[in-house]
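If you're matching them up, the sequences are chains Z and F in order.
Position 97 (the first sequence) corresponds to 97 in this note's numbering; numbering is contiguous.
Position 163 (the second sequence) corresponds to 450 in this note's numbering; numbering is contiguous.
Simulated from the structure, these hints should not be mistaken for laboratory data.
Computed from a predicted structure; not experimentally measured.
One or more of the hints may lead you astray.
Some, not all, of what chain Z presents toward chain F, calculated at C-beta under 7 Å [said to hold, decoys possible]: (1) R54; (2) E58; (3) D143.
Footprint (simulated), chain Z over chain F, 3 or more residues, beta carbon under 8 Å [to be verified]: (4) 300 to 313; (5) 388 to 394; (6) 480 to 487.
No residue lacks a Cβ here, since even glycine has one placed at the ideal position from N, Cα and C.
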Amino acid sequence: MDGLDLAVRAGECFGLLGPNGAGKTTTIEILEGLNRPDMGQVTVLGRRWGTHERELRERLGVSLQESRFHDKLTVFETLRLFRSFYRGGRDPEEALRDMSLEEKRDARVGKLSGGQRQRLAVACALTGNPEILFLDEPTTGLDPQSRRQLWEHIRAFRVRGGTVLLTTHYMEEAEQLCDRVAIVDHGKIIGEGSPAELIGRLHAPNILEFSSDPAAAPGLVSGIPGAFDPRQRGSHWSVSVSSLAEAVPALLLALDRSGAKLEELSTRRATLEDVFLALTGRELRDE
Amino acid sequence: MSSSGKLRPLAELVRVRLLEFVREPEGMFWVFVFPIGMTLALGFAFRDKAPEPVAVGVTGKAQTSVLREALTRSALLKPQLFSSLPEGRAALRTGKIALLVENGSPIVYWYDPTRPDSRLARFEVDKAVQEAAGRGDAAPVRDELVSEKGSRYIDFLLPGLLGLNLLSTSVWGIGYSIVGARIKKTLKLMTATPMRQSDYLLAQMLSRFVLLALEAAVILAFGMLVFQVPLRGSPAALILLCVICGLSFGGLGLLCGSRVQTLEGVNGLINLILVPMWLFSGVFFSQERFPRAMQPAIEALPLTAANEALRAIMLEGRSLAALPSQLAILAVWGVVSYVVALKIFRWQ
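The shape of chain Z in the complex, shown without the other chains (with noise of 0.2 Å):
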């Protein structure tokens, strides 16, 4: 990590969002105080980690990427442990019903789906009835029911008061959750704002998708009224607009001009993943 300054804020929920390889489990792991950074300062709820470790441990709770529990102890044996590590905290079979597990209450972690699972870890992060907490990369691998499941659940935490500090490479999950996000690329945070406002903050937050017989030439799009960063794959152009209004009339006027038949048409608002690539120039992509 280099030079990563951020602040987050008490009842948000932060993402770090990027690539794999980004550094954001190194961040997050800097944070829970698991791993210490070389140089700089970590303040959590105005407490240092080398001072007061054992008073954050107990305000705190963590989440793991792929971190397993021991496959024959049941969801509740499991629990129950975690609870046992806490001053104070939730009672189990209440954390249990908090996170849709009560029906799996006496079942091995072994035989659990991979969604059941991360809920555990979850309900586990949460039996300290933490201040914090934080989830690295909390759906990764599940299947989209799943990672929704898991979304009610984060939010109901939060409606409780609760502050949330996640890192995914799923934009979606960023924008659905996050109150806040700091993209994270090679280590450094290269934009940091609400999904919106990072959205906003692109030069053409309109992204105008055609294609064309015979293909339309790069001098062609590159005049089309705001047109920002246009990419063409074979026939297939992509090009951002800062106004569909202006663009769309001008493209149909040149395509006709030009002679080209238009095959294909569509306009979309740019989300995250636009944000990443105008930001680094690669495409960020989901799994």
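For chain Z, the structure is supplied; the task is to place chain F on it using the hints.
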């Protein structure tokens, strides 16, 4: 359960560790079934039985049947006739007989002096031959036969197997469990909670004690009931000794698991530690058979100390106070490995 009640982390860790063990059938096998099977097999293999008579051959030109008659009177000899000397020597060469008697004047004994049964046969045959020729006993003697419980091989073996088992189950049980938790990143996740790290290591040792008590009880009860192995010292001393062994070996287990990151790695490391002790620490035969130069190193091994102390209490009826050097060796191994393990332990 009263889930609102206070849960103690140490108690919960021990409880969970025991549950994991009970639900792992392989673990149960190695701890309980394997040592008993081994004791049974070895106990029967080396059980006391009547000595086998030694086969000897008789050949020669004249009066061989008279000579054979004389040899038959000895219960330790099983004589058989050979029609020619080459035939008899062939039987000697292939080990079918221990000694060949060639009748003549003088009588010739053919045998290989490096074979113990041949030397025994030489002694028995000559005695029978001389008695048949009219020699009497110059001094009156009487044999008194001894087969006392406590001096048989099984009596030597059982304490050794107990020591061996306490060592291997401690090291395997603790080492594997820790490395498994490290691979699954459960260890790392636990360090992100307020759990005390010493509680985790302590729970590993304490859960071993529960298993160790069962293990020792099963092996001892088996040896005493099936083979009448004696316990001459006080049961309290034996229990205390088992606890000390458990602490010492538990420390070794923690040390084995303290840094390794893969199951293959811990496998190799544990074998590296256990195999020499299987061999040198007097489990199956006395360590005194090894060369004198090796003795100080062998004596310093924890399993040697454990086996010596277990035998001293069970077979010789000694007290713990009479075993200061063995107890010191066990304590030093336990304390040093525990402290080093805590220092170098890798949680992530």
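Hint check results:
Interface restraint check for R54 (chain Z): the shortest CB-CB distance to chain F comes to about 6 Å, inside 7 Å, so the restraint holds. With a cut of 7 Å, the hint placing E58 (chain Z) at the interface with chain F holds, because the nearest CB-to-CB distance is about 5 Å. About 23 Å separates the beta-carbon of D143 (chain Z) from the nearest beta-carbon of chain F, more than 7 Å, and the hint is not met. Coverage of the region 300 to 313 of chain F by chain Z holds in this model, with 6 residues showing a Cβ closer than 8 Å to a Cβ of that chain against a need of three.
A stretch counts as covered by a chain when three or more of its residues have a beta carbon under 8 Å from one of that chain; for the region 388 to 394 of chain F and chain Z the count is 0, and the coverage is violated. For the region 480 to 487 of chain F, the stated coverage by chain Z is satisfied: 3 residues place a CB nearer than 8 Å to a CB of that chain, which reaches the threshold of 3.
When each numbered hint is compared with the structure, violations occur for hints 3 and 5.
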